[in-house]
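*Asks:* Listed below are the residues making up each chain.
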Amino acid sequence: MDIRGVQIDDTFAEAFGMRGARIIITAKNQKWAREAANKMTGFATSVIACKCEAAIERELAPDQTPDGRPGISVLLFTMDSDSLPKRVIERIGQTVLTCATTACFDGLPDAVERIAIGKPLRTFGDGFQGSKVINGVRYWRLPVMEGEFLIQESFGKARGVGGGNFLILAESADAALDAAEAAVDAMAGMPGVILPFPGGIVRSGSKVGSKRYKTMIASTNDAFAPTLRAITKTSLPDGVNSVLEIVLDGLDFRSIAMAMQIGIDAACRPGVHSITAGNYGGRLGPFHFYLRKIMSGDVEDAPKEGAPA
Amino acid sequence: MSDRITLTLRAALARTIGVECISADRFADLSEQEIGALRLWDGHASVALGDVFAIRGDHSSSVTIEGDLAHLDGVGTAMRGGEIAIAGSVGSSVGAQMSGGVIRIAGSAGDDAGTAMAGGVLTISGNAGDRAGGALPSASKGMIGGEIIVRGGVGRDAGSRMRRGTLYCASAGENAGTAMIAGNIIVAGNLGDGAGLGNKRGSILALGGVRVPSTYAYACTYRPPHVSLMLLSLRARHELPVNDEHVHGLYQRYSGDLADIGKGEILEWRSK
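If you read the protein sequences in the order shown, they are chains A and B.
Counting in my numbering, the first sequence runs from -17 upward without gaps.
Counting in my numbering, the second sequence runs from -6 upward without gaps.
Bound-form chain A, shown alone (with noise of 0.2 Å):
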């Protein structure tokens, strides 16, 4: 499969379960309320290190807030249920609460799963906090010496899909740079994805473990690294010299098929060699996302048998 002279690889991005929540910033305006979004996802791209995943979802207007203010969605993932609450509640603890003009709220209102947020941070009220139940929905008023942060008390939960992934092979680190640029601008808004490199692009992607380090839970995918084509197995074709990633995270398996099938089409310029994922042969993810066919425009798919119910 070529798209534009750009080849398709016949393979697939392996990817894992995770949980997930979606946090909705509402501020005075835009500029506010992107500032703690941009703070509580700060240092949030890989489990690895960061203990969670997170990114910018989407702007919100205000006729799309619960409380009529511009806003920002987040979507921050976890690798096991137990860690989510946690790092949700100290991210929108130290970033959002801190924020001038901020409020919070759950921004999966549908999920049957729920996770205590707002009740254990109201506790920074020091007695002095208060609860509103509005239409069913219980929120705490923290008083805060600008005035009151309003958060609500519980967030759903959601099983997501963590590690969807395409690599951009190109013949130059400054095609690669404007390939992945050119995808994560299209992949840009879309419901139910993220993507948590700095800028949406990862250049250091990495193998599982070390060859030389046994401490190492992951090392440079040396591989793909154009400067060991010498001297290790590599992977790159002939003329490819510069290879960045896309990783994303979604909500469920067909919003990241979707980002992909548009990142990738947007991916395939001038100077890209071709387009190809990472995987780890099917044996450690349950969700395989196979390249040539969702370019197909087959987004739909179901985890392997044995995933995690």
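To be clear, the hints were calculated from the coordinates, so they are not data collected in a lab.
Accuracy of the hints is not assured; some may be wrong.
Claimed, not checked - Calculated lysine-lysine pairs in the DSSO-like style (CA-CA distance at most 30 Å, straight line): (1) Lys101/A / Lys193/B; (2) Lys134/B / Lys13/A; (3) Lys10/A / Lys101/A.
With chain A fixed as given, assemble chain B onto it according to the hints.
*Replies:* For chain B alone, coordinates are given in the frame of chain A:
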């Protein structure tokens, strides 16, 4: 089984009749004959519902009541679900102790509407009498949940001793929110004197001004974030005439009643 049960008053009532048995969830299990056999209270005597109303339909939790209903007391008492539509005005204690479902009144309601209500929605297009959302005699708590939406005015002692829930009205008489434990009273227009006396943790939102009791103390002027949420939610679900200047406006916060624990508040709208 019918889509809806319609009760039509056979003749105008000369005096009050207690119709506590008219409850939408109860009707869902009853045939027309069984509905007709339910007992109403005419003073000290009981009469069959079928003698007072013409009944159409059965086995439905949607009920319409038609006729001059101003002498019907206790419609929807302890209702747990379903829907009652009242075509005109109704007597006292409509929706008392209801815990679910919806009661819509096209006209006005008498005293004690939604007394000790625990859930559901009671909407009144006209006015309501005294003690809307209040407590049963000698009870410690008034309404403990649900919403009462009065598009007109309410009488005195609205929301007295309420513990949870929301009461919205266009105007309120004296002593609204007396001894409130918690919950919300929203008054779009005139609010009578004595609002919030004895309030513990309740919120009184005065969009049209208020004479703040002397046992309240001014705290600050700010934009309470929950007010936006609450007003937008009410506007969306009940099509209330809520202005954007109220949704995002500045409010003066008064803490009180300081003669009690003082964790309640009166929020008086000042400007957009």
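*Asks:* Run every hint past the structure and note whether it holds.
*Replies:* The hints, checked one at a time:
This hinted pair checks out: Lys101/A and Lys193/B have alpha carbons roughly 21 Å apart, not beyond 30 Å. Distance restraint check for Lys134/B and Lys13/A: the Cα-Cα separation of roughly 45 Å exceeds the 30 Å cut-off, and the hinted pair is therefore not satisfied. The suggested pairing of Lys10/A with Lys101/A holds, with an alpha-carbon distance near 24 Å, which does not exceed 30 Å.
The structure fails hint 2 only (numbered hints given earlier).
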